Every structure is written in C-alpha cells, then in structure tokens.
Amino acid sequence: MKNANPMWKFFCSVKLTIVLLLSLAFTSILGTFIPQNENPDAYIHAFGPFLYQFLSVLGVFDMYHSWWFQGLLMLLAINIIVCSIDRLKGSWKLIFNRNPNVRPERFTRRSDARTLTDKRNIEELIAAYQPIIAKQYPNCEVTRSDLSATIYGEKGRLSRLGVYIVHLSVILLLAGGLVGSFFGFEGFVNIPEGEAIDTIRLRNSGRIHRLDFQIRCDNFSMTVYETGTPKEYRSSLSIVEGEKVVKQKEIIVNDPLHYRGINIFQSSYGKLPPEQMQPKNMPQTGPQESYTLNFTSRESGLSYSANAPVGKPITIPEGLGKFVVMAYEADATFRGMDVGSALTGILTPSKGEAVEILLPLKFANFDKMRGGDIFITVASRQQEKFSPQSPDKERYYTGLQVTRDPGVWLVYTGFILMISGCFVTFYISHRQVCIVIDQLKKNCKVTFAGTANRNKLAMKNTVEKIFSTIKNS
Amino acid sequence: MTSSQLLSISTFVFGLAAFLYLAALIFKKPRLTQPARWTVMAAVVVTTGGLLFRWVESYQMGIGHAPLSNLYESLVFFAWTSSLVYLFMEFKYKKPLIGAFVTPIAFLAMAYASLSPNISDRIQPLVPALKSNWLIAHVATCFFGYSAFAISFGISIMYLMKALKPDSAHGIISHIPKLDILDELTHQMVLFGFLLLTAGIITGAVWANSAWGSYWSWDPKETWSLITWFIYATLLHARLMRGWQGNQIAYLSIVGFAAVMFTYFGVNLLPGLHSYGKV
Ligand code: HEM
Chain U
424 MKNANPMWKF FCSVKLTIVL LLSLAFTSIL GTFIPQNENP DAYIHAFGPF
474 LYQFLSVLGV FDMYHSWWFQ GLLMLLAINI IVCSIDRLKG SWKLIFNRNP
524 NVRPERFTRR SDARTLTDKR NIEELIAAYQ PIIAKQYPNC EVTRSDLSAT
574 IYGEKGRLSR LGVYIVHLSV ILLLAGGLVG SFFGFEGFVN IPEGEAIDTI
624 RLRNSGRIHR LDFQIRCDNF SMTVYETGTP KEYRSSLSIV EGEKVVKQKE
674 IIVNDPLHYR GINIFQSSYG KLPPEQMQPK NMPQTGPQES YTLNFTSRES
724 GLSYSANAPV GKPITIPEGL GKFVVMAYEA DATFRGMDVG SALTGILTPS
774 KGEAVEILLP LKFANFDKMR GGDIFITVAS RQQEKFSPQS PDKERYYTGL
824 QVTRDPGVWL VYTGFILMIS GCFVTFYISH RQVCIVIDQL KKNCKVTFAG
874 TANRNKLAMK NTVEKIFSTI KNS
Chain H
129 MTSSQLLSIS TFVFGLAAFL YLAALIFKKP RLTQPARWTV MAAVVVTTGG
179 LLFRWVESYQ MGIGHAPLSN LYESLVFFAW TSSLVYLFME FKYKKPLIGA
229 FVTPIAFLAM AYASLSPNIS DRIQPLVPAL KSNWLIAHVA TCFFGYSAFA
279 ISFGISIMYL MKALKPDSAH GIISHIPKLD ILDELTHQMV LFGFLLLTAG
329 IITGAVWANS AWGSYWSWDP KETWSLITWF IYATLLHARL MRGWQGNQIA
379 YLSIVGFAAV MFTYFGVNLL PGLHSYGKV
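Top line first, the protein sequences correspond to chains U and H.
Going by our numbering, the first residue of the first sequence is number 424, and it counts up by one from there.
Going by our numbering, the first residue of the second sequence is number 129, and it counts up by one from there.
Don't read these hints as lab results, they were simulated from the structure.
There may be inaccurate statements among the hints.
What the hints assert, rightly or not - Beta-carbon label-pair distances, calculated as ranges:
hint, chain 1, residue 1, chain 2, residue 2, range
1, H, GLY190, U, ASN642, 20 to 28 Å
2, U, TYR850, H, GLY190, 37 to 45 Å
3, H, GLN376, U, ALA550, 46 to 54 Å
4, H, SER302, U, LEU863, 40 to 48 Å
5, U, PRO429, H, PRO294, 36 to 44 Å
6, H, LYS293, U, ASN462, 54 to 62 Å
Unchecked claim - 27 Å max Cα-Cα, derived DSSO-like pairs, lysine-lysine:
hint, chain 1, residue 1, chain 2, residue 2
7, U, LYS578, H, LYS220
8, H, LYS259, U, LYS672
9, U, LYS883, U, LYS578
10, U, LYS888, H, LYS222
11, H, LYS223, U, LYS879
12, U, LYS558, U, LYS894
13, U, LYS888, H, LYS306
14, H, LYS222, U, LYS883
15, H, LYS157, H, LYS293
16, H, LYS220, U, LYS888
17, U, LYS735, U, LYS774
18, U, LYS868, U, LYS879
19, H, LYS259, U, LYS654
20, H, LYS293, U, LYS879
21, H, LYS259, U, LYS670
22, U, LYS888, U, LYS578
23, U, LYS879, U, LYS894
24, U, LYS735, U, LYS791
Model, not experiment: these values are computed from the prediction.
Note that the Cβ used here is the ideal one computed from N, Cα and C, for glycine as well.
The shape of chain U in the complex, shown without the other chains (with noise of 0.2 Å):
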C-alpha cells in the first residue's frame, strides 16, 4: 500500500467500509417505510403528482433495484476485493511459510514474557519442555544454538484465512444475486383448473414470457382446519412437452415441482368469477363426420385409440365388444346439468345388455363414471376434468410462482463459506508460543511466551497455565 496510487489506497481502507456498511443500512431502512413496486396509482395519491415524478426518477419506489442502492452495493464489493488482495499480499507469506524463521525477540521482547532460572542444562530442559509445548501444539520445532535454545510452537495459522473467506463469500452473494438478475426470471401465473398455460407473467417488469413447456392444473385443493384457517394448498401438476406429459406431482406449498432449471412454487389460488366457470376457448367443433376415440380397458389399464365415424360400429380390442357413435349434441345435459357439446353412442359389450353413454367432449374422464369394464373418451384439444358436483360448483385457479435463477448456486456456495468463514474467523486463533533456553554461568535462564492474533484474554490465560506446568515440570 506504501507506493499504492489514491485510488487503491481510497478502496484499502476500512473507514470507506464503515461508510458504506452504515449507508446501505440507513437506505435500506428508507425502502422498508415506503412500500416497494406497487402501482403508481398509490403513489401519486400518497405523494401527489410532483413529489411522486421526484421519488420515481430517483427510483425511490423500486430501490433495492436503483442505480445508487446498487452503486454501494458495487462500491463494497470493490472494497472488499482490493482491501483483500492488499493484505493478502501481506499475510500469504505468513499464512503459507513451511518453515517459518521464528525470532526469539518477538517473544523475549514481549512485556508479558515470562522468566525463571533453573539448574538443569539445556539438553534437559529441552526434554523436559518439548513434551509440554508439542502436546498443545503439534507444530512444535526446536531449534539449538551454542548457548541457547528455542522450542517454538504454533497452531491455527489457516484460521487467518478465515476472514478472507468472509469477504469472498460477500463476493460470490453479490456474484450470485447479478448473475440472477441477469440470466434467471421470476414470475408467476393463475392457472384455472383443468388448463394449461404456457406462458408466465414477469414479476418486475410485467412482461410476458413463455416457457419450452405447458403447465397444466389437472386439479387445485385446499383444506381448512376446524377453525376455519387455511391448512393446505394443492395443486396437481403436469407438464406437457408436445402432446406428452413429462412430468406430474402435486405441489404444496413449501415443496415445489422443479423441471429443467424452472421451479414452480404453490404460491396462491381463487375462485373463478361466474362467467369464467367455461373455459372460454371451447373448442367450437361442432359435428364432424368422425371422432377419434379412445378406449381405456379397466382390466389391463391399456388404451387404444379408433377412429369412429358417426353411426358405424367398431369393434373394441380386448374383446370388450363394440360402440357406435350415434349424434352430436352441442348442448347436452347430464341428470339435468348441462355438460356442454358431447356425443351420445351406444356400447354393446361382448357379453350383457347395449347401454346408451354420453361423452362430453371437454370432460376426458366422464365416462370413467360409468364403471363399466371400458371407458371412453373422445380425444379432444381441451379437456378438463370433470367434477361430478353440483353445476354451480365452484371452479379455482392455481396461482403458481414460476422462478429460474441460474445463481442460486453461487449464492449457496457464498453461504457455506460465509458461515464456516465466521465460525473460523471468530472463533479459532493462530496462536504461537516460544520458550527461550539462554545458558548462563552457573544455571539457564528460561523465557516463556505467547501470543494470539485474536481472543488475547483467552491466550493470557493459556500462556500463565503453559508456564506453571513448566515451573513444576
């Protein structure tokens, strides 16, 4: 730092940290008073017209993402990096040394060092000190001179790494956030029960997005405790890549469904109003010449799909007899409910009576009702499922988060090390202890001590037992 230009020394120091530390605490406080991203309806009736235009270009009503929240945060990271290779430069010699020259002066000179004189030689003394030194610190060197000795011992030396894993863990948070912002998305979506959706709503910007895949809801739950709060939400999902469904799970909240690097989250649900009880995108099919069926046999689970022009028989595999699709309804009831367009035919199984089924065309599983040994859908663009309830029963939608974060895993990494850094930095210490033989005329002279980079009243205390071990060793 001694030849460093200002620039490098104006990063260096740790006052520009204390600096910038209080001043993202103070605005951060700002951001939590005034509510953050809310229409800008609400703000100008707090504010009034001229005062919002203000706030707004000094992006006071989304400011954890202004430029200035995020030039402190910038300036940090700088202050972090260069006050960290400026005393690393310093400490990596220190840190990484194999045999470090150890000065008996750094100890002897020490104001707390610690003498006594005693009989034996030094070869004695020796193999009465060492044992005690290298219990304590494994990494325990003597070193002889003509009239002198040195046993040096030291432990935790990597701990001083510690703190420096602090700061890069800061680092790799920022990293990780940055990359985030850029490369991942977050959204959300109301999916109504029965639909599939392929698109999201962007959170921040409001943007559209598309996904590689459809979400569909196959059906949302919710069930309350007695008293009437909430206990669970349930959504059943699936995802379909083409026609197919790739995936399926039900998600509740706190257990998401995660599918190629997107995970969707249970995040809230409602109530379709009325009028949108119909999907509204019905197909608007109308009669065809001919329907595609499928046949699902209950016995083996098999299905087998036929094309069925109207009023000709076909036969169904699995000798389970055979159906012909007799008319087209556009608006069919059910035991008085209205179902919507359907086909009626009739199934003449193999053995037993013909029976007259209906098949809505938006309900795929209607005719599983039935029970019988067979059920039949007509294969259709959309279908829901359908609820055998009332007809005005209440329809819901899903509301689903919808997030992608390609940093999450930096951000993870900066976690471990930030933790484990602290633990280190706070609680490990590099300690080094030394005891100087110095051989007088008629007996040695022997000077203890030690030092620690952090916690010296802990070390004081060690330093005096070390010592009264050696007086009565």
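Given chain U, work out where chain H with the ligand should sit, using these hints.
Frame of chain U, contents of chain H with the ligand only:
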C-alpha cells in the same frame, strides 16, 4: 400439569431471578448472585419443560409442530435462549452481576407473553407457509442471535454506566466489572450474535428459496434483519480502527439491539410476509 401452568410458573421464577440479581447489585450484596444463578437455572428447567409439554400437546391436538410458531411461543423461546446464553457466559467468565442487566430482559419477555391481552397463548395450527423443517433451524438460529445481542446490549449499558466513573470505589458502579472486561464481553456476545444472525438470515433465505422460489425478496422483515446485520458488521469493523473503542462500540451495540427489536416487533407495523410476529 399443562404447558401453560408450567410457563406461568416460569414467568414468576424469572421474576424472582431478576429480583435477586438486581438486589445483589443495588444493595451491594454480591453473595445474592449465588441463589440468583440457581433461580435462573430453575427457570430454564421449568421453561424447557413448558416448551416440551407444549410441543407434545400440539401433537395431541393433531396439529403437531414445534412451539415456535407465533408471538407467544417466540417470546417464551427468547426468554429461554437468552437465559441459556447468559448462563453459559456466567459459567465461562464468572461475572455474575451482569445478570442484573440480562435477566430482567428475559423476565420482561415472559411477562409480556403471559400478561399482554393482545397475545394469545393458544396452540394454533400452522399456516401452510410455516410447514417446513426449516422453521426450527431458522427460528432457533435467529433467536440465539437475538439473545446474544440482548446480552451485549445489557453489558453495553453497564459499560456506559461504568464509564461515567470508572475509578469510583463506592456505590453501585464500583461493583460493576472493569471497563476492559465489559468491552471484551460485549465483543464476545456480538461475535456470537453475528454468527447466529448470519446463520438465521441464511436459513431463512434457503427456506424462502425452497418455499417460494426466491432466496431474497426485500420483504420488510428480511430487510430489517439485513439492516441489523449491517450495523453489527459496522461494529466489527469499527473495532479494527484505532480510536473506535469503548463508548462508541457500546453505542453501536445499543443501536444494533434497537434494530433487532424493530426486526422482531416493529416490522409488524409494516406490510410484508412475516405475519408471524403479529399479535
Ligand atoms: C458486508 C460486508 C462485509 C462483511 C460481512 C465483513 C465481515 C467481516 C468479519 C466478520 C470480520 C472479522 C471481524 C473480527 O475479526 O472481529 C471482518 C474483518 C475485516 N474486514 Fe470485513 N466484512 C465486510 C466488508 C469489508 C470491506 C468492504 C472491507 C474493506 C476494507 C473489509 C475489511 C476488513 C478487514 C481489514 C478486516 C480485519 C481482518 C483481520 O482481522 O485481519 N471488510 N470482516
């Protein structure tokens, strides 16, 4: 014996402990800290029992969950964690008079939980958002952190009192431990609190990511925990600079605790997701 009975008893035991510590300080009878310590231990035991019973009772009601789900339970848990952290500190550093500045906080939390008409002590079912294994990890880490900060707040108050007349040989102040010891203890508590607050924010973020797909959404409670974290990070760095010792650190630790309190209670006045602490 039900959990509510146990917890009402523990409120009184906490009150007694606070009384004994304060009496030891005010009447200059350090010997009273001996029974005071035993009383805090008793309070911890009774509260532990109360919390465990409550856990079991919730299962008997068919809505089993850890007793960490509403304001009442969190206040009780706060009293429990702060007395545990305090006992650990007293055991390690042997400065019992600090209890006079800590146990009243635990007692106030218990008293507020049991006596405030706005706080329901009924065992309530969990709303869907809270049904997660992360709940325990998140709440436990946060509250141990809050407790450490509460204790460092208490010690900082002592520090500022002592700093008025550091060399006085008479009066209450003379019984307060020396300034450098108080400074060291504040720092130790802040370190512990910072570690746990960090862990609390992280577990919260991981939970949020697994529950609704974003680890950070600037909701007021999240933001306030981050503000608190910034303040304590400032404190840690301020100590590294020459000239920032003693009083300034004590003030910062008091400001930090104010931020903790706002994160805990004040945020409910603001709009957001953590309806959790609402009365
Ligand atoms: C959010 C951002 C930051 C966090 C969470 C953070 C965290 C920490 C922690 C936990 C410590 C250890 C404190 C202690 O020893 O008591 C520390 C020390 C330190 N930090 Fe930071 N820090 C941040 C930003 C910065 C920045 C921007 C600088 C740039 C100058 C910086 C410089 C230092 C220095 C010089 C130390 C002392 C290292 C030592 O003891 O050898 N920190 N930081």
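Okay, the hints, checked on the actual structure:
1. GLY190(H) with ASN642(U): 20 to 28 Å: holds, 25 Å
2. TYR850(U) with GLY190(H): 37 to 45 Å: holds, 43 Å
3. GLN376(H) with ALA550(U): 46 to 54 Å: Taking Cβ atoms as reference, GLN376(H) and ALA550(U) lie about 51 Å apart, which means the hint holds.
4. SER302(H) with LEU863(U): 40 to 48 Å: holds, 46 Å
5. PRO429(U) with PRO294(H): 36 to 44 Å: With a Cβ separation near 41 Å, PRO429(U) and PRO294(H) satisfy 36 to 44 Å, so the hint holds.
6. LYS293(H) with ASN462(U): 54 to 62 Å: holds, 58 Å
7. LYS578(U) with LYS220(H): Holds, at about 23 Å.
8. LYS259(H) with LYS672(U): Holds, at about 18 Å.
9. LYS883(U) with LYS578(U): The given pair, whose Cα atoms are some 16 Å apart, holds under the 27 Å limit.
10. LYS888(U) with LYS222(H): holds, 18 Å
11. LYS223(H) with LYS879(U): Holds: LYS223(H) and LYS879(U) sit about 18 Å apart, inside 27 Å.
12. LYS558(U) with LYS894(U): holds, 16 Å
13. LYS888(U) with LYS306(H): holds, 23 Å
14. LYS222(H) with LYS883(U): holds, 16 Å
15. LYS157(H) with LYS293(H): holds, 20 Å
16. LYS220(H) with LYS888(U): Answer holds: LYS220(H) to LYS888(U) is near 16 Å, not above 27 Å.
17. LYS735(U) with LYS774(U): With Cα atoms ~20 Å apart, LYS735(U) and LYS774(U) stay inside 27 Å; holds.
18. LYS868(U) with LYS879(U): holds, 26 Å
19. LYS259(H) with LYS654(U): holds, 9 Å
20. LYS293(H) with LYS879(U): Status holds; Cα separation ~26 Å.
21. LYS259(H) with LYS670(U): Holds. LYS259(H) to LYS670(U) sits at ~25 Å (cutoff 27 Å).
22. LYS888(U) with LYS578(U): holds, 17 Å
23. LYS879(U) with LYS894(U): holds, 22 Å
24. LYS735(U) with LYS791(U): holds, 23 Å
In summary, this structure violates none of the numbered hints.
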